Every structure is written in structure tokens, then in C-alpha cells.
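Visitor: Sequence:
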Amino acid sequence: MQNLGLEEGDLVRITNISLPKGTYVQLQPTTTDFLEVSNPRAVLEVALRGYAALSVGDLIYIPFMDKNFQLLVTDLRPTAAVSIIETDMEVEFKPPEGSTDVVGHPTNGGDQQGLGGGKGGGRRAKELQ
Numbered sequence: 109m110q111n112l113g114l115e116e117g118d119l120v121r122i123t124n125i126s127l128p129k130g131t132y133v134q135l136q137p138t139t140t141d142f143l144e145v146s147n148p149r150a151v152l153e154v155a156l157r158g159y160a161a162l163s164v165g166d167l168i169y170i171p172f173m174d175k176n177f178q179l180l181v182t183d184l185r186p187t188a189a190v191s192i193i194e195t196d197m198e199v200e201f202k203p204p205e206g207s208t209d210v211v212g213h214p215t216n217g218g219d220q221q222g223l224g225g226g227k228g229g230g231r232r233a234k235e236l237q
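In this text, residue positions in the sequence shown follow this note's numbering: the first is 109, and each later residue adds one.
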């Protein structure tokens, strides 16, 4: 309900649409705490099991190791809203605001290895362990 800006008792109008399968997602942690996660891809893959779709501007909530992390969806392809059900996606992490460190690889200029086997040539987090 937080992502939708709703409170209990609010009326909601729902429209069914078909979303294209996502091929790419760019995520930005809201705090530098997420930089300390040793395997962010595995944590992300588990968290995304609770989502059917993503759209630009969504916040993904990740409870992990007695902390609650939030990742902002900053970019998606092929459209600004995509289905992530049974989809392999390339994942890129942006540094949190006020930080130059990249999630998972603090000295690397970017982290573009994917969670899936889509056009980005990535792999599932299970394979990365």
C-alpha cells in the first residue's frame, strides 16, 4: 500500500493490462547501508519473488539481516512498466545518493551483470553463488 500511496479504506480502481516482459532494470539503493550486503543479487532475487511487475519510480522493500533496505527503480526496458514473472533481466545498480560506491563492487565503475539470461547475457543469482 505504501507504493500506491493508499491508506486502509481508500477506494481503488483496477484495470487489467498486459505488460511486456522486462529485459533491463536499473536500481538505486536509498541508503549506503545496502553497499554492505555481500551478495546483493541473491538478496534481490529473493525479494523480487513477491513482485509481478515493476514500474519506474517503484520502491522495492527488502528485509534482510534485521535491516530494511529500499531500492528505487530508476530505469526499465523495454517500457516504463514491465512484467517480471518468469523473466530474465539485466540488472544495473546505481550508487546511492551522496555515494560514489557501486553496489557489490565498490571500485568498479558500474555493475551490469544480469540476474537472468536475457539479451544482457547475465545469469541467475543462484548461478553466481
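One or more hints might be untrue.
Quick list of simulated restraints, FRET-style, between CB atoms [what the hints assert, rightly or not]:
1. N124 / E144: 32 to 42 Å
2. T208 / D118: 13 to 23 Å
3. G117 / S146: 24 to 34 Å
4. K175 / T123: 34 to 44 Å
5. E144 / D183: 18 to 28 Å
6. S146 / I125: 31 to 41 Å
7. S126 / D174: 30 to 40 Å
8. V120 / D174: 12 to 22 Å
9. D183 / I125: 17 to 27 Å
10. I125 / M173: 33 to 43 Å
11. S191 / Y169: 14 to 24 Å
Heads up, simulated DMTMM-like pairs for lysine to aspartate or glutamate below, C-alpha to C-alpha not over 25 Å straight-line [to be verified]:
12. K129 / E153
13. K129 / D174
14. K175 / E205
15. K175 / D141
16. K202 / E115
Calculated directly from the structure, the hints in this document are not laboratory data.
Since we're looking at a predicted model, the values are computed, not measured.
All C-beta atoms, glycine included, are put in the ideal place defined by N, C-alpha and C.
Visitor: A separate judgement is required for each hint: does it hold in the structure or not?
Guide: Hints versus structure:
1. N124 / E144: 32 to 42 Å: holds, 40 Å
2. T208 / D118: 13 to 23 Å: violated, 40 Å
3. G117 / S146: 24 to 34 Å: Once the Cβ atoms are compared, 41 Å apart, the range 24 to 34 Å for S146 and G117 is violated.
4. K175 / T123: 34 to 44 Å: holds, 36 Å
5. E144 / D183: 18 to 28 Å: Holds: the Cβ-Cβ distance is about 24 Å, inside 18 to 28 Å.
6. S146 / I125: 31 to 41 Å: Roughly 38 Å apart at Cβ, these two residues keep to the hinted range, so it holds.
7. S126 / D174: 30 to 40 Å: Since the Cβ atoms of S126 and D174 sit about 39 Å apart, the hinted range of 30 to 40 Å holds.
8. V120 / D174: 12 to 22 Å: violated, 33 Å
9. D183 / I125: 17 to 27 Å: holds, 20 Å
10. I125 / M173: 33 to 43 Å: holds, 36 Å
11. S191 / Y169: 14 to 24 Å: For S191 and Y169 the Cβ distance comes to about 19 Å; the hint holds.
12. K129 / E153: holds, 16 Å
13. K129 / D174: Distance ~32 Å between K129 and D174 Cα, so the pair is violated.
14. K175 / E205: Holds, because 19 Å separates the two Cα atoms, which is no more than 25 Å.
15. K175 / D141: Answer holds: K175 to D141 is near 9 Å, not above 25 Å.
16. K202 / E115: Violated, because 31 Å separates the two Cα atoms, which is more than 25 Å.
Hint violations for this structure: numbers 2, 3, 8, 13 and 16, all remaining hints satisfied.
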